[in-house]
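J.: Listed below, chain by chain, are the residues.
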Amino acid sequence: MGRYIIRRTLIAIPTLIAISFVIFLILDLAPGDPTAQLPLTIPPDVRERLRESLGFNDPMLLRWLKWLQQMAINEPLNMTEQIFGITIGDSAERTRILSWASRAPVVDTIIERIPQTLWVLGLAFIFGIIIAIPVGVISAYKQYSAFDNIGTFISMVGYSVPTFFTGLLAIVIFSVLLGWFPSFYSTTHSVDWSNWDSIWTQIKQMIMPVAVLSLFNAAALSRFTRSSVLDNLNEEYVRTARSKGLRENRVMFRHVMRNSMIPVVTLIALQIPGIFAGAIITEEIFRVNGLGQYLITSIQGADVPAVQTLTFIFAALTVLFNLVADVTYGILDPRIRYD
Amino acid sequence: MATTQERTDQTTEAAAVETSKHRSLWSDVWRQFRRHKGAMIGVFLLTVIVLACFVGPYIYPWHPEVQDLTITNLSPSWEHPAGTDSLGRDVLARVLVGGRISLAVGIVAMLIGTIIGAGLGILAGYFRLLDGPLMRLTDLFLALPILPLLLVIIMLFRDRLRNLFGPEMGIFILVVSIIGVTSWMQTARIVRGDVLSIKKKEFVLAAHSIGTKQRRMLMRHIFPNTLSPVMVSAALGVAVAIITESALSFLGLGFPSDFPTWGRLLFESKDFLQFAPARVIWPGVLISLTVLSVNFIGDGLRDALDPRLRSK
Amino acid sequence: MKRIKLLALLAVLALVVAACGAGDGDGDTTTTGDGGATPTTGDSPDPTEPPTGGNAGEGGEIILQQWQPATLLNPFLSGGTKELLASSLVLEPLAEYSPEGELVPALAADVPTVENGGISEDFTSVTWTLQEGLLWSDGTPVTAEDVVFTYEYCTGSSDCTQSSFFSGIASVEAVDDVTVQINFESPQPFPYNAFVTYQSPVLQAAQFADCMAEAAITCTEQNEFPIGTGPYVVTEFRTNDTAVYSFNENYRGVAEGQPFFGTVTIVGGGDAEASARAVLQTDEADYGWNLQVLPDVLAPMEAEGNGVLLGAFASNVERLMVNQTDPDPELGDQRSEPGTEHPFLTDPAVYQALSLAIDRQAINDVAYGDFAGRPTCNVWPADTATAAASTNNDDCLTQDIAAANALLDEAGYEDTDGDGIRETPDGEPLFILYSTSTNNVRQLTQDIVKANWAEIGVDSELKNVDAGVFFGGDSSSPDTYQAFYADIEMYTNGSGSPDAGTYMGNWTCDQVVSPSENFGGSNIARWCREDYDATYAELQAATDPEERKALSIELNDMTIQGGAMIPITWRASVSAFGNDIQGVGDLNGWDSEYWNIEDWTRSE
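Residue numbers (the working numbering), protein chains in the order written: chain S, 1 to 339; chain V, 340 to 651; chain E, 652 to 1255.
It is worth saying that the hints were derived from the structure and are not from the lab. All of these numbers come straight from a predicted model, not from anything done at the bench. Glycine included, each C-beta is placed from N, C-alpha and C at the ideal position. Careful, some of the hints might be misleading.
[What the hints assert, rightly or not] Covered by chain S, per the in silico footprint, the following chain V stretches (three or more residues, Cβ under 8 Å):
| id | segment |
| --- | --- |
| 1 | 583-593 |
| 2 | 617-626 |
[Said to hold, decoys possible] A short, non-exhaustive set of chain S residues, derived as facing chain E with CB atoms under 7 Å:
| id | residue |
| --- | --- |
| 3 | G2 |
| 4 | P44 |
| 5 | I110 |
| 6 | I130 |
| 7 | P134 |
| 8 | S183 |
| 9 | T188 |
| 10 | D333 |
Given only the sequences and the hints, what does the whole structure look like? Please build it.
T.: Below you can see the structure in the form of structure tokens.
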């Protein structure tokens, strides 16, 4: 198992480099211009100078290599310094990846925004799991019952109705017409855990996006859980267990669940990077200024360093969680051996 | 010990039984499919929607492009069942015409994705040499963050394709290709897994030993047996394609303003949700119903094609 | 089973830890040291703490919505209006414009004129005198050296977007601690360019000392927390997201109880409609900026009675640029080159007919609404101290299809093949490729104009290009507005100042844009008339305000009647205010909308 992990990690490195190159290539071909958002009163020669100084006109390979060096070496060094409070080498001179729009380091902005994304999407993800698994298991156990039919229907609907539609409806109903919840997510609100008002404000601004997303996540996951449990319920060993006289509880939790959860857990691990992809639309609708919204504004503003860094981070997360999923699968399923 | 006569009688009897109750694979599948209530409702709904979108505009009196600035943003009425939009155009007419494009995008994108995915999956599964590199390629595509790259690629190629193929075809080709090219991976993986297990089956060995050529082997033996997961995947692929196109248009990056796809209509109307809700509800509900029906159909297909369930 | 539980537990723990990080990490993420820190410490000072003298800062918090949030607070590194606005709470210029377009002193004691000796007789230099006793927010005095430094800072860095404000300046000298003299290379009758408006404020020399030349963009601390003289001080800044300010205790108006509000929070993100909703419906904000929302949505919101919409009409005009050259792809390299001539758009009969056929009132009703737009026939639409709006072209305000048709009939544009489209006498159909940026309002306008032109036998294809591409400067892209590979383009432009002197220079012959010269220049329509150049030279030399007004009218008429462009709408910037916000007055379209925020109060 250890050897497998090491081997996969070693393969991951050239994969990531290749991915970053592909992303960079695509972005480089994109026709945007960072000076496009400046007012028209700024004369063309000033814009040209700006583009020069941003490095916009440098050859692509050069820019990619610079970015790679900054991303792979400079940024991790900076982060280690900040976390541990030490200084490694010549940190003042180290060039960081600067956003073309804000001239501030991209990684700093990303770290600033992670809390928002995690609060909303992370919670939605967790709630989705908490709802989906019991629903899926019970649906499978009582197949074709009323619970199953209703549950299936609701999850089909939840899965088919696009989140931007339900999100829009939720905002108009709960925020505008009823006035229960704010329509803007305030990122400067810091939760004071000892103060109930402060916690309640945070809950109020999170309820709608979390609810909408959880419904969607739960719908997809519960279908999958249900079919996985069904597969297992039809297996021979379940019949054996029952005929041995085991209590139903034990049959379910000790035997069926353990086996059914294997593909479910792997799916969950694979979906984690998907959090960030889903973030893009949800954050647009609910005005949560997180990573997804940052990506969209960077794309619209042709801010290549920011887009490059963000998409690379998403890709790295995908590769990482693929590995986690595979390893988890190996841990949970004794039949799988990776050597 | 049966006599030759008795044995012949038995064979004829058996043959007679065979011909009188001819059951093919597909009729079995259809029978099982029919038993899935959701799937049947899905088929019904989908047929209604498809007919409404492709035939409807010929019957419906209002034209989707005709403006009348005196009747902007009306609520639904008998005359305009879905109301009018900011330029006085009839919303229902636009929804119907938009449905054509949305459905077409869904189907064509799915076809592209499925063909690529199934093709690569079969190649990877059958030819061991190709397996490694093709699977690495799949991993690469799976690791690429799709939505951001979609956004960038659309910005990148939209105008060039429009110049080449004209505004309508250009953007259509762009959107379906992108969705197709970024959705083949799951199909490829599933098909590859299937091909790997089929390869081990005895009939393949038998075919091999009588000297079947590779191409015939693939087309006649391997491929037809991968059809069931491919079909299920295809059905669900249509749903995903429609939602992806709607999401892209919703973000403002899909079809331009002259093409009223459902996603585009949602994008244009989202500010009006409170004041002219019909403009938002019609396309939103239609997207949901279409995707719902397709998902139910996919579900039904999966149940119907699963041999274990069918034997019950 | 145990292992699954363990994994799940770990996952939940990880998320909780991250979430807790959100709770107490807010203040730490942006301030990275005390380099330019102000006396007000911490995140948001207690607004009820009595300040030194007066009742300044007792008004609590005001929430400003900028759906396009600022990316940094240094206006010299990013000339975008959103950054200029957000910085204007902190940084101030020597003089600013009132909503009526009149110069009002800010940091200066008064506006220099020829009469008071501020402007030299030969117009080659202007002398500004600072007010007595001005302090930066960190308590140090403002001196003329700061003004000189700002000039050197911008002209010394290739990243400075506002360098055009310092063009034509030979030198800037500090005569004494409070007097600055700006010397020009040639006589400038209207010398109010540098250090006027929120587009070129004064920076503190001490804070930005290490940020010259290439270092400008790396000074993140200074760019996000500038020290200024304005009513507020930055306490928290998240790029593209939020900015929080608290009142400046060293502000010169503190003695009079200014500013009223103790904290300002600028919230960004979302879109214009969400901003409007936050102010007019859900009362989550007190002010919303730049509400580019369709009138059918905005009007009902205002009707709910929680707030008001104010429009600032400056000089922004949405217009159709008429390509004087031939954009035919068949010409290859010569496409849209100044040597070629458009087959029909240079004919007065054609462009006048096109203009007459447009139903400007309908466009205004559908796309802008009365608070956000007025139909116009002028490229210079405003009456200010030194410029005036012409009334000579106003017959285009009424749509007249019959007259348009008559014009075309007389000029010989017949529909010879019966397809409903007229042809030129040479047989070329009147087909117009009509291009603009991707934007709801613009697409609606295009739809209406296309229908209008169809009524006079002119066919058009509507094209829209992503704004980032359309306004970008990619010289290899065929879709930029400079390339003008179309017959007609539509966009908005306006003057940065209430004086027409710089703005009308956009249509002189030397500004003609040429693809072969990498699209430098701002005369997008490639329109060139000698008499225009001559009249423009007169405007450059005119010193009498009445003379300037007359000349601005003349230049305007020349461009319209000469067919360089077809104006459609005079656009205002629309902002919403909550009903309880008082003291705003008229919305300022010539300078920062926050220009008088120290006067804003909240009624009980």
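J.: So, for every hint listed, does it hold in this structure?
T.: A quick look at each hint next to the structure:
no. : hint    : result
1   : 583-593 : holds (count 4)
2   : 617-626 : holds (count 3)
3   : G2      : 17 Å, violated
4   : P44     : 5 Å, holds
5   : I110    : 11 Å, violated
6   : I130    : 10 Å, violated
7   : P134    : 14 Å, violated
8   : S183    : 6 Å, holds
9   : T188    : 5 Å, holds
10  : D333    : 11 Å, violated
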